[in-house]
Amino acid sequence: MDIYSYLKAVREKKPLVHHLTNWVTIYDCAQVVKSFGASPVMAHAPEEVADMAGMASALVLNIGTLTTEFVESMKIAARAANAHGIPVVLDVCGAGATPFRDHKSFELMKEARVDIIKGNASEIARIAGRDVRTRGVDAAAVREDLADIARLLAKERECVAVITGKEDIVADPASLFLIRNGDEMMGHLVGTGCMAASVIGTFAGASPGGLAAAAAAGLACYEIAAELAVKGCAGPASFKERLLDRVFHLTEEEVSSMQKVTAEGAAAR
Amino acid sequence: MDIYSYLKAVREKKPLVHHLTNWVTIYDCAQVVKSFGASPVMAHAPEEVADMAGMASALVLNIGTLTTEFVESMKIAARAANAHGIPVVLDVCGAGATPFRDHKSFELMKEARVDIIKGNASEIARIAGRDVRTRGVDAAAVREDLADIARLLAKERECVAVITGKEDIVADPASLFLIRNGDEMMGHLVGTGCMAASVIGTFAGASPGGLAAAAAAGLACYEIAAELAVKGCAGPASFKERLLDRVFHLTEEEVSSMQKVTAEGAAAR
Amino acid sequence: MDIYSYLKAVREKKPLVHHLTNWVTIYDCAQVVKSFGASPVMAHAPEEVADMAGMASALVLNIGTLTTEFVESMKIAARAANAHGIPVVLDVCGAGATPFRDHKSFELMKEARVDIIKGNASEIARIAGRDVRTRGVDAAAVREDLADIARLLAKERECVAVITGKEDIVADPASLFLIRNGDEMMGHLVGTGCMAASVIGTFAGASPGGLAAAAAAGLACYEIAAELAVKGCAGPASFKERLLDRVFHLTEEEVSSMQKVTAEGAAAR
Chain V
39 MDIYSYLKAV REKKPLVHHL TNWVTIYDCA QVVKSFGASP VMAHAPEEVA
89 DMAGMASALV LNIGTLTTEF VESMKIAARA ANAHGIPVVL DVCGAGATPF
139 RDHKSFELMK EARVDIIKGN ASEIARIAGR DVRTRGVDAA AVREDLADIA
189 RLLAKERECV AVITGKEDIV ADPASLFLIR NGDEMMGHLV GTGCMAASVI
239 GTFAGASPGG LAAAAAAGLA CYEIAAELAV KGCAGPASFK ERLLDRVFHL
289 TEEEVSSMQK VTAEGAAAR
Chain G
39 MDIYSYLKAV REKKPLVHHL TNWVTIYDCA QVVKSFGASP VMAHAPEEVA
89 DMAGMASALV LNIGTLTTEF VESMKIAARA ANAHGIPVVL DVCGAGATPF
139 RDHKSFELMK EARVDIIKGN ASEIARIAGR DVRTRGVDAA AVREDLADIA
189 RLLAKERECV AVITGKEDIV ADPASLFLIR NGDEMMGHLV GTGCMAASVI
239 GTFAGASPGG LAAAAAAGLA CYEIAAELAV KGCAGPASFK ERLLDRVFHL
289 TEEEVSSMQK VTAEGAAAR
Chain U
39 MDIYSYLKAV REKKPLVHHL TNWVTIYDCA QVVKSFGASP VMAHAPEEVA
89 DMAGMASALV LNIGTLTTEF VESMKIAARA ANAHGIPVVL DVCGAGATPF
139 RDHKSFELMK EARVDIIKGN ASEIARIAGR DVRTRGVDAA AVREDLADIA
189 RLLAKERECV AVITGKEDIV ADPASLFLIR NGDEMMGHLV GTGCMAASVI
239 GTFAGASPGG LAAAAAAGLA CYEIAAELAV KGCAGPASFK ERLLDRVFHL
289 TEEEVSSMQK VTAEGAAAR
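Residue numbers (the numbering used here), protein chains in the order written: chain V, 39 to 307; chain G, 39 to 307; chain U, 39 to 307.
Any given hint could turn out to be false.
[To be verified] Computed cross-link-like contacts, DSS-like style, restricted to lysine-lysine with a CA-CA straight-line distance of at most 27 Å:
{"#": "1", "chain 1": "U", "residue 1": "Lys-269", "chain 2": "U", "residue 2": "Lys-298"}
{"#": "2", "chain 1": "G", "residue 1": "Lys-269", "chain 2": "V", "residue 2": "Lys-204"}
{"#": "3", "chain 1": "G", "residue 1": "Lys-269", "chain 2": "V", "residue 2": "Lys-269"}
{"#": "4", "chain 1": "U", "residue 1": "Lys-51", "chain 2": "V", "residue 2": "Lys-51"}
{"#": "5", "chain 1": "V", "residue 1": "Lys-204", "chain 2": "G", "residue 2": "Lys-113"}
{"#": "6", "chain 1": "U", "residue 1": "Lys-46", "chain 2": "U", "residue 2": "Lys-204"}
{"#": "7", "chain 1": "U", "residue 1": "Lys-269", "chain 2": "G", "residue 2": "Lys-269"}
{"#": "8", "chain 1": "U", "residue 1": "Lys-204", "chain 2": "V", "residue 2": "Lys-46"}
{"#": "9", "chain 1": "U", "residue 1": "Lys-46", "chain 2": "G", "residue 2": "Lys-204"}
{"#": "10", "chain 1": "V", "residue 1": "Lys-113", "chain 2": "V", "residue 2": "Lys-269"}
{"#": "11", "chain 1": "G", "residue 1": "Lys-298", "chain 2": "G", "residue 2": "Lys-52"}
{"#": "12", "chain 1": "V", "residue 1": "Lys-193", "chain 2": "V", "residue 2": "Lys-113"}
{"#": "13", "chain 1": "G", "residue 1": "Lys-148", "chain 2": "G", "residue 2": "Lys-52"}
{"#": "14", "chain 1": "U", "residue 1": "Lys-51", "chain 2": "V", "residue 2": "Lys-52"}
{"#": "15", "chain 1": "G", "residue 1": "Lys-46", "chain 2": "G", "residue 2": "Lys-113"}
{"#": "16", "chain 1": "V", "residue 1": "Lys-46", "chain 2": "V", "residue 2": "Lys-269"}
{"#": "17", "chain 1": "V", "residue 1": "Lys-204", "chain 2": "G", "residue 2": "Lys-298"}
{"#": "18", "chain 1": "V", "residue 1": "Lys-52", "chain 2": "V", "residue 2": "Lys-113"}
{"#": "19", "chain 1": "V", "residue 1": "Lys-269", "chain 2": "U", "residue 2": "Lys-269"}
{"#": "20", "chain 1": "U", "residue 1": "Lys-298", "chain 2": "G", "residue 2": "Lys-204"}
{"#": "21", "chain 1": "G", "residue 1": "Lys-204", "chain 2": "G", "residue 2": "Lys-148"}
{"#": "22", "chain 1": "U", "residue 1": "Lys-204", "chain 2": "U", "residue 2": "Lys-113"}
{"#": "23", "chain 1": "G", "residue 1": "Lys-51", "chain 2": "G", "residue 2": "Lys-298"}
{"#": "24", "chain 1": "G", "residue 1": "Lys-204", "chain 2": "U", "residue 2": "Lys-52"}
Since the hints were made in silico from the structure, they are not lab data.
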């Protein structure tokens, strides 16, 4: 799989990535998109989200600090994105922590088409119907094969399912990608999960090919930058600075030599 | 006082610290909690704050960018925290700047139990009934002994009162702690006060003992990290990065050798 | 033009700069004001914005993540600022991207006096009535002389018009300033435009003289810091850290030797 070709497409097409995201990591979500060479825009007023989604190449929704009104804006944006034919990414941040998050996630997926559902292990397990409880926004243990959960969710909802963790899993109904890049320092930094969703949106917005491959390529590039950034960092804050700088300068040589992506199913053929 | 034992408890118990905080420093509040080894979660929808507080170990409220609706969510969360038996920290950010902030602070304290009230000199003086005016969110001069104000407020409201500044004061009805750690660079960085409240919540959420001692220990650890961070920094922004990195790596040796905490009253016996 | 005298005034008067700004870059807007030696305060509740504006030296409005309710608070704050006699800066962030942003920008300018209107090329062109479309919050090409647009807008609305870009343009009805400082790295960092509006508010709030000259001086100082910061930075994130540090330490020697500000019209005489 030629991961670098996806990064090249992002840098050439500079997709506009419309976000309705949380208030904690909103800056970092914008900057990681910008560091990759694309254009982030954050807008959530119900009066303008359809217009903004209508000029964008991808829509990223993140329920990290959701409210009822905010989810109503998400629905309007998502339906506009559906009509406009651009991919919709949903980060089910904190699903499994409160019934409200579960309920709103399902409501969103019912009222608009979500192309890529992304979360950590317990978030996605909860969305796939398992009885697990996420600890705030941190993953809790799941006693089941995660690849199976992703595959089933992808088939059930005819979407791409992404589970981030030590090993990332990207599944669509026909294929499965495993990404073994990244570093445990990512778990000590607030926002690495949210940024991953923005990266997926960015690559999905620039990619002419399948969304699962684009998501896998985006995660690989982001996590290769993380591996480069962790060298010589002094802790989570200097890691973040280096990560956003490394994303900006990521080279073909780095991506090609460091990527650890494997594909199964249709994508491997 | 064995300050390090409190840090050790945070790292071992990894308390989940639920925040309803302001939109300016929300990321840094989350990251400082995470750098200390605990888990931050930010959630403010009225439909879920009780559930989130119910799975947390501490609740941190900060009125920095309050609205009427936001304070209603704070009340729901605080009452759930009270019922659940976890400590509630209130940062009265900007109290004394506008009547609205004063009014909402008193309303919050009336409608739910607040265990730890934290602010700078003029914020706490205002909450203690003095006629002072805070300059936006920056402390104004107070013509009265601050330790007396803290002690009186602690007795009147049967809580812990924390005044941050060059010398921090932590009082409960029976004891008084003075923390002489920190660096003046903290005054040039946006968010050091808000992060202090999050640190207090984190240590209070992990501590089996008294809340005043936990608050004092948390402030000492945070400000020792600040002293370490300021060495070789090039200004407020590099100071922040180093601070969040230093918190992450803080050692027993650093804490024990650098802490400048003194106790009076019951805590000193 | 003695640019340094404006910076000195900021550091001596430490103006309180009240913001109603967007949720993406709110922290950086606050920190850049603080790094310059002034005091930022962010407050948006309709119940308190008039009180906060009434104790401030300048008001900065930014529609980056506007909602109808938020703009109502902006109007209250702006009218209080008008009554109090302090300058009002409006960053028309994203004007030209959606009709909602255009409509709300015009509504704000109709219902309160705006002293300084600031944006990138396509945002200001749109506010000046041109038929251009901003790409999210990124400038689109404008086929017309930008200085002419700024001059006409300044005359039409009797205000200061600021267009940021490779070369910044500051016009009032009688004068025109060109600022040729800055670095292209600013275009790779989220928030440089928002911070510019906060800097303009800070300098306008401290300056006894004309607002256009204060805006030009503020932009020059900010962009000189950017030129210093870019040396040796490893990408956009380390650039930001260095920028906020350099602003903090900016010297008379740096400002005097590096400033590239030219004036035409009344200001040049």
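Taking the hints in turn, this is what the structure says about them:
| no. | hint | result |
| --- | --- | --- |
| 1 | U:Lys-269 <-> U:Lys-298 | holds (18 Å) |
| 2 | G:Lys-269 <-> V:Lys-204 | violated (35 Å) |
| 3 | G:Lys-269 <-> V:Lys-269 | holds (22 Å) |
| 4 | U:Lys-51 <-> V:Lys-51 | violated (47 Å) |
| 5 | V:Lys-204 <-> G:Lys-113 | violated (38 Å) |
| 6 | U:Lys-46 <-> U:Lys-204 | holds (26 Å) |
| 7 | U:Lys-269 <-> G:Lys-269 | holds (22 Å) |
| 8 | U:Lys-204 <-> V:Lys-46 | holds (26 Å) |
| 9 | U:Lys-46 <-> G:Lys-204 | holds (26 Å) |
| 10 | V:Lys-113 <-> V:Lys-269 | violated (41 Å) |
| 11 | G:Lys-298 <-> G:Lys-52 | holds (25 Å) |
| 12 | V:Lys-193 <-> V:Lys-113 | holds (23 Å) |
| 13 | G:Lys-148 <-> G:Lys-52 | violated (30 Å) |
| 14 | U:Lys-51 <-> V:Lys-52 | violated (43 Å) |
| 15 | G:Lys-46 <-> G:Lys-113 | violated (31 Å) |
| 16 | V:Lys-46 <-> V:Lys-269 | holds (25 Å) |
| 17 | V:Lys-204 <-> G:Lys-298 | violated (40 Å) |
| 18 | V:Lys-52 <-> V:Lys-113 | holds (25 Å) |
| 19 | V:Lys-269 <-> U:Lys-269 | holds (22 Å) |
| 20 | U:Lys-298 <-> G:Lys-204 | violated (40 Å) |
| 21 | G:Lys-204 <-> G:Lys-148 | violated (30 Å) |
| 22 | U:Lys-204 <-> U:Lys-113 | violated (31 Å) |
| 23 | G:Lys-51 <-> G:Lys-298 | holds (25 Å) |
| 24 | G:Lys-204 <-> U:Lys-52 | holds (20 Å) |
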